[in-house]
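Line by line, the protein sequences are chains Z, W, S, U, E and X.
Going by the numbering used here, the residue at position 261 of the first sequence is 261; the numbering climbs one at a time, nothing skipped.
Going by the numbering used here, the residue at position 37 of the second sequence is 37; the numbering climbs one at a time, nothing skipped.
Going by the numbering used here, the residue at position 287 of the third sequence is 287; the numbering climbs one at a time, nothing skipped.
Going by the numbering used here, the residue at position 318 of the fourth sequence is 318; the numbering climbs one at a time, nothing skipped.
Going by the numbering used here, the residue at position 300 of the fifth sequence is 300; the numbering climbs one at a time, nothing skipped.
Going by the numbering used here, the residue at position 250 of the sixth sequence is 250; the numbering climbs one at a time, nothing skipped.
Any given hint might turn out to be false.
What the hints assert, rightly or not - In silico contact screen, one side only, chain E against chain Z (beta carbon under 7 Å); selected entries:
| hint | residue |
| --- | --- |
| 1 | 31 |
| 2 | 92 |
| 3 | 101 |
| 4 | 103 |
| 5 | 119 |
| 6 | 151 |
| 7 | 153 |
| 8 | 192 |
| 9 | 227 |
| 10 | 299 |
| 11 | 323 |
To be verified - Not everything, but these chain X residues come out facing chain S in the computed CB check (under 7 Å):
| hint | residue |
| --- | --- |
| 12 | 26 |
| 13 | 101 |
| 14 | 111 |
| 15 | 192 |
| 16 | 193 |
| 17 | 299 |
Everything labelled a hint here was simulated from the structure, so no lab data went into it.
In this text, all values refer to a predicted model and were calculated from it rather than measured experimentally.
Built from N, CA and C at the ideal position, the CB exists for glycine as well.
6 protein chains.
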Amino acid sequence: MPPAKEDAALPRKPRRTPGNRDDEEVFQPAWNFLGMPADRAAPERARAWVLPIPYEATTSYGAGTRDGPDAILAASRQVEQFDPEFGCEPAMRVGVHTLPALWPVFRSPEAMIDAIERAVHDILLGKPRPELLVVLGGEHSLSAGVARGLARATAPDDLVVVQIDAHADLREEYEGSRHSHACAAKRILEVCPVFQIGIRNISEGEERFRGTCRRVRTVFAEEATGSTGFLDDLARFVRGKRVYLTIDLDGLDPSIMPAVGTPEPGGLSWERVLDVARVVCRAAAGVPVFDVVELAPVPGLRAPDFLAAKLVFKIVALALLGPRAKRKGS
Amino acid sequence: MPPAKEDAALPRKPRRTPGNRDDEEVFQPAWNFLGMPADRAAPERARAWVLPIPYEATTSYGAGTRDGPDAILAASRQVEQFDPEFGCEPAMRVGVHTLPALWPVFRSPEAMIDAIERAVHDILLGKPRPELLVVLGGEHSLSAGVARGLARATAPDDLVVVQIDAHADLREEYEGSRHSHACAAKRILEVCPVFQIGIRNISEGEERFRGTCRRVRTVFAEEATGSTGFLDDLARFVRGKRVYLTIDLDGLDPSIMPAVGTPEPGGLSWERVLDVARVVCRAAAGVPVFDVVELAPVPGLRAPDFLAAKLVFKIVALALLGPRAKRKGS
Amino acid sequence: MPPAKEDAALPRKPRRTPGNRDDEEVFQPAWNFLGMPADRAAPERARAWVLPIPYEATTSYGAGTRDGPDAILAASRQVEQFDPEFGCEPAMRVGVHTLPALWPVFRSPEAMIDAIERAVHDILLGKPRPELLVVLGGEHSLSAGVARGLARATAPDDLVVVQIDAHADLREEYEGSRHSHACAAKRILEVCPVFQIGIRNISEGEERFRGTCRRVRTVFAEEATGSTGFLDDLARFVRGKRVYLTIDLDGLDPSIMPAVGTPEPGGLSWERVLDVARVVCRAAAGVPVFDVVELAPVPGLRAPDFLAAKLVFKIVALALLGPRAKRKGS
Amino acid sequence: MPPAKEDAALPRKPRRTPGNRDDEEVFQPAWNFLGMPADRAAPERARAWVLPIPYEATTSYGAGTRDGPDAILAASRQVEQFDPEFGCEPAMRVGVHTLPALWPVFRSPEAMIDAIERAVHDILLGKPRPELLVVLGGEHSLSAGVARGLARATAPDDLVVVQIDAHADLREEYEGSRHSHACAAKRILEVCPVFQIGIRNISEGEERFRGTCRRVRTVFAEEATGSTGFLDDLARFVRGKRVYLTIDLDGLDPSIMPAVGTPEPGGLSWERVLDVARVVCRAAAGVPVFDVVELAPVPGLRAPDFLAAKLVFKIVALALLGPRAKRKGS
Amino acid sequence: MPPAKEDAALPRKPRRTPGNRDDEEVFQPAWNFLGMPADRAAPERARAWVLPIPYEATTSYGAGTRDGPDAILAASRQVEQFDPEFGCEPAMRVGVHTLPALWPVFRSPEAMIDAIERAVHDILLGKPRPELLVVLGGEHSLSAGVARGLARATAPDDLVVVQIDAHADLREEYEGSRHSHACAAKRILEVCPVFQIGIRNISEGEERFRGTCRRVRTVFAEEATGSTGFLDDLARFVRGKRVYLTIDLDGLDPSIMPAVGTPEPGGLSWERVLDVARVVCRAAAGVPVFDVVELAPVPGLRAPDFLAAKLVFKIVALALLGPRAKRKGS
Amino acid sequence: MPPAKEDAALPRKPRRTPGNRDDEEVFQPAWNFLGMPADRAAPERARAWVLPIPYEATTSYGAGTRDGPDAILAASRQVEQFDPEFGCEPAMRVGVHTLPALWPVFRSPEAMIDAIERAVHDILLGKPRPELLVVLGGEHSLSAGVARGLARATAPDDLVVVQIDAHADLREEYEGSRHSHACAAKRILEVCPVFQIGIRNISEGEERFRGTCRRVRTVFAEEATGSTGFLDDLARFVRGKRVYLTIDLDGLDPSIMPAVGTPEPGGLSWERVLDVARVVCRAAAGVPVFDVVELAPVPGLRAPDFLAAKLVFKIVALALLGPRAKRKGS
């Protein structure tokens, strides 16, 4: 995107998003989340910032999450800006800035988690800074770095994490690393309590740990898909707290989200994931950060990428504008 | 398919469809929808004609709808002719003729829509002519040409359109063309009223227009998937009318129909789409035309192609034989 | 996998499965179902044996089932051993041995079915021998050979087959062979009665046959997906019988199982398939054999392979440990 | 393709091929090889007939050849009719008729080979009949049936076969069948001598057999790719003979033909294959039949399909019009 | 990429390209061609500008060129900046600015060509403006717009076009449009003479036209691949001229470039394409514009995208730094 | 593979490889390289051992090398055992044992390299132990561990490495790790001298280093593909030395090897790679280890996997049986 001063070099400059562009526009918006026009994507005015972390280093099966952020960005440009739930174009209203992607650091998973912690900390205390930081992964281990950065940048006392996931991710160590994707929740617990939803893969050790740890609450997939009862528990859990919502896409059902490393059957529907997001955004004191991780794009299949992009779009709107009463018919 | 007079040249000629072929058959049926045998596929005897329109010219994302008709034809050859809902082989009973594909015209979208209008008009007034014309797309903009051809060939007064779609398609113009796929419903409204089902992508301008236009009725996806209440409205809408049913496959849920340009989550199930078709075929005065459009085949994935082919098969049967009472168990 | 005596040649030997491996392990488990460690995979100690039959010879559309067994084995290595339903690692408890794959025999489908019959017979009467034989296909026609081998190895009087399938497979002959995949159930009926679940593709002749044959009971997909009423019938059908459960994966809904030759819409959910397995394993006198067939892997799409692997894992546990009361929340 | 008498039903009928179509044409040509217009595709006037045999039943690895004929037909519609080598549109000049595909027979490979033999025999002695029969496979075993049918229909004394292939295919039996794809040349040798080109996969037994059999001449890939010396031998071999040219596409180099079951490195270039075809068509007394077999389409990759289609197009021209002197520059 | 003034908001800012980045860099470069750092990508300092035109509207087979520019940009980020031929990092030296993509205009192909003409004209006369404009397609028809814009912006008298292509593209009209991809060279001839290289698909009409038109010189693929003799002609043709080099990627051999609509066998090698570029850049008076068009990415296959990106990289260097003497060994 | 003592449990046991199996065989060979029968695959008798290392942790683009070893093993089962160059079945003669895969260690790249070093050291000094160790990768960084293990297990004085690669891999550190795939050769140089062949991607820093380091000799791709002159240098380099040959598959040309992370155009042909292997195996004092790394399988494309498998097969034969005089014609 040519900065403002180069405008002279361009026949006419972009003003609106794809769906609504004026006839005079000649160039498409810059390469950013949702194809936002320059003025709404400027960091000074954007309340939400998107940080891509194309990091993948501890995956031994089903590679490809390093391509997740790019796939979400590409698909996001097809998301319609208007949302009937909000009766407006929420992203245009709040502004969304897209940061360049973090460089991966391969010295060790630890070094990378540290780098993420620093970057998140610096962003959250920077000037300007976002109200809402949206992280796109990348493998789930990165969430531990995000949680730490968030905790260090702000008072950690009222922080909680809500995790949508197929896997408990409560291992102390996995395949030689304490920062494996399979240890994500265990590392986050060192920062704050965690409410897990959609779990359907857990090891014996994790199950034992779960039974003794009061900081973690697990809603298995069977319960989460079968009824909405757990949403009240969730509301209680987040009430008055600042929430970091972390969504491992394998928490969703493989029918709508096959593009993950281990697509466990029996996962959450699109509507149930939005239920969770609405409860969090309504009941919590704030949602300063959320992430959507573990998208491993399937060549030729755009549906999962698009769903991930739309999910990010919805949560940005819910977090910054608040959930609305359900729209009535037509 | 060698015409009748060449039979001498062939050891033995095809007589039945794959599922039921006699042992003496040596050659497979000709390349046509459902692999119909020559006698049931002859235009003079076939009540339904299939017209492939592999046209795609205004798509800026998710290309591939030009390959949709061929993919549906190929998959249709695996559809079993017998249908327990009807207790017979409906297509064999009514006969299905497959026309060669329309040439695309690339002078302008307008020129192509005109060509479609002429072709549909000529087919519907030709001799022989079909009772039911089935159009396979191609991008959705072609439906405007079909609607025009239908209106010009027959009295347009009692015509209505029922549209299954994820997108409202009510834009006046899009990316420089009034005949973009995103304007399909807007162009059809110039011919007759429209009842939209499954919408979950609509722009601000379209939403405003919808609020002021009495000729369009929109059932959003949330309502259409959540209950069957809207089916009564639909029945009232089509009562006594001749219906052109236009199905943009992105109206279906991405879990069963990922092979579309923008696969919006939260769409219709297979059963709900059949509900719509059954209500239309039961309540309407007639269904002279329907289309299934926007299939963009995913390499290696046959399920969406097969679903589209079976959907066409079912609607042909429903439109010409009428819906049956629900089959009882086994 | 190096046999025990070569251990000296290896720095350290594998002891546990991926999810729980000790730090001292250097090598991964051998290439077998679930990546079982040597001691739990030894035929003498394993109660379940897995037999891959990568056979495909009568398929005229949607090839690829010959690659099914390998895909299931590969995916199975990612299945978590611990299962909350059982509160343990069921496969580690019962032991699972993986046989080398059967050679295909291409002299004729008949010859291959005979070879399967002999192999199954010999395995079931061998020493050691499995309590539960798990067959991975391959095309469905192989199930006739399995049924015969089972009947010949044991008293056939109390044998019944429960079939999950989209197709009735009741043809006497198809495309020139009585051992086509489309004749699987017809051939099995020559051995014992069959209870079919999920059928939504049946020919006129099959429907007629079904009406006159008292040995076959068909639950159409509509009934099987709409309610659980048929499960009582199923329980009665299997009560006191030894059951061979044969699962053609196209019985499942294409949304979760697109990797089959003809993915008919309107199929069973993951939960409903488990319901069937639970009823069978609870009510039957025994489940000496089950198969999972017709997986035709889609390049790049691992979700169906993983689902098939997990399905096998679950049924092994259900068959040998028995279904448990439903786990209560968290 | 609607037969001539239905023309009234069509607004305007197709007359020319894609590349040259008149403006008045509304419909595309029928579904046939090269998209030939009706008059040039009529069996009475077409000197070349194309017979698709989508047969695959003895393949234990790399499935998909049953989809080969359809893929070649689809790609052929994009082949430009004009050929500078001939200075004309050769297919339009000689006429090409496309037969419906042969039904596979799955009773046994033997039964299928017999069915092919009968079909080829009947076609070659039918009335009308082709000067040149072009067979599209399907697995290579079908060539034995073609050779038999050809020999039975015409005096076999002056028949020879020229085989382009990566594999010697000289096994007496393979995986239980004498009609495996790996036995193709062995079976053909029972009919006439064979000249093999491009071989780079041969078993010990085949190598021994080759050393003792005077009816087979093998040019290994190394020789065939390294120089053109073998072309003189080939010319001598075919001089005064009628030649059945059988092209297993794995004879070509995987760089241009990856879409085969076992893509052996070190194969023939496009130009070398044409060299062979030119020598055969120039030196032989006639080429009554040729086949192109073993295309196993790779999803998403059209280049191999297109190459196969163009290869068929070129050999039709070479066989019926004779090779031309090399075109001079521009 | 956050503009300079936001630097405060970022922990540390990007300075070098991937291959050579300093340890202090935290963020990756912005999304631009070659992942150029901000200072080398600024329009004021960049001698080369890249203009993506993801336009595709007249393609009836092998869709996907609209995804070409994005695929080239994505792959370019992996191209190593250092080039041994030049002994430096050429793009870093000359600077490369990436413009946002042009919006497609779907009113008609004519309208889009006009829009391209205007955009190119405005860019070439803008302030700042590039020395070299690099266009990424998109379908080949866009080159006519580029040629017109170039001619209008600068004196057209000394302009010539060098075209690498499999198709002559000399049709006056195709599928209803004078601006079809199949008419690209015909339209360009209205602006200036054309030297075509690699042609192996030409219609009868085009061949006739070619024979009578002195402004077009055609080097068929056979000649272009067989020897380098034509390079002298080419040098004469471009001597003293300003050259617009237009590369339809189907001019390359399908073995290295399968990702095109009609991958004709017998095309140019990587080295031969560079030979052409070197001759042009050495002999011509200047190369103000070049394009690389018709990349239709194949899902899962990155090699063609990478080759296209590297080709652009090489020609930028050749055009702005001039060809070097061949590097000597090691 | 059932150990010998279980034979009783199996109807008949596997004895020969696919291509030559006896009729009495019922089961396929165990899952090992080339599908070797039990007796030839036993570690005590096998002169060559294959060690899969599915390790990938420092790749930021083009993931998938962790799936390389499995893909090579799967494809190897289709490699014909007989090799005309040797006039025998070389692998059957020398015996090939396949070890289970190494577990990845994700603590840090350093920890993984250490683990590899230990494993290789222990294998080479074990009892039994292989004459030739074949490593299948995985990313190229693993070769440093192999080199260290080899040097520590045997006198390192006469060790040299021959590297086929597109990239110099001479970086001191890359993306935060000294054990990145981009540092492979730099790390190996710490053990012994390196002769690089096929390089066409090198950074400015690497080029500088290369100029000053006497232990590395670089043959750029241009030289390596253009003539065979460098083979004499290579012969001198390896004369009297023990050689570790490391083949990064991206050294090959993308036309035959597209399945790598960065497929640089202009690479080595199949024949040239074999030339290198032949020179090494003829001139060197011994080849105790070689590896084939960086295969990143492309879904649906088997040709690259098969080529890699056949390459391993050929080098095993060359290393243990020695190169033969070129086979003479037929």
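Checked hints:
no., hint, result
1, 31, "holds (4 Å)"
2, 92, "violated (18 Å)"
3, 101, "holds (4 Å)"
4, 103, "holds (6 Å)"
5, 119, "holds (6 Å)"
6, 151, "violated (17 Å)"
7, 153, "violated (12 Å)"
8, 192, "violated (23 Å)"
9, 227, "violated (39 Å)"
10, 299, "holds (3 Å)"
11, 323, "violated (29 Å)"
12, 26, "holds (6 Å)"
13, 101, "holds (4 Å)"
14, 111, "violated (11 Å)"
15, 192, "violated (23 Å)"
16, 193, "violated (28 Å)"
17, 299, "holds (3 Å)"
Hint check: violations occur at hints 2, 6, 7, 8, 9, 11, 14, 15, 16; the rest are consistent with the structure.
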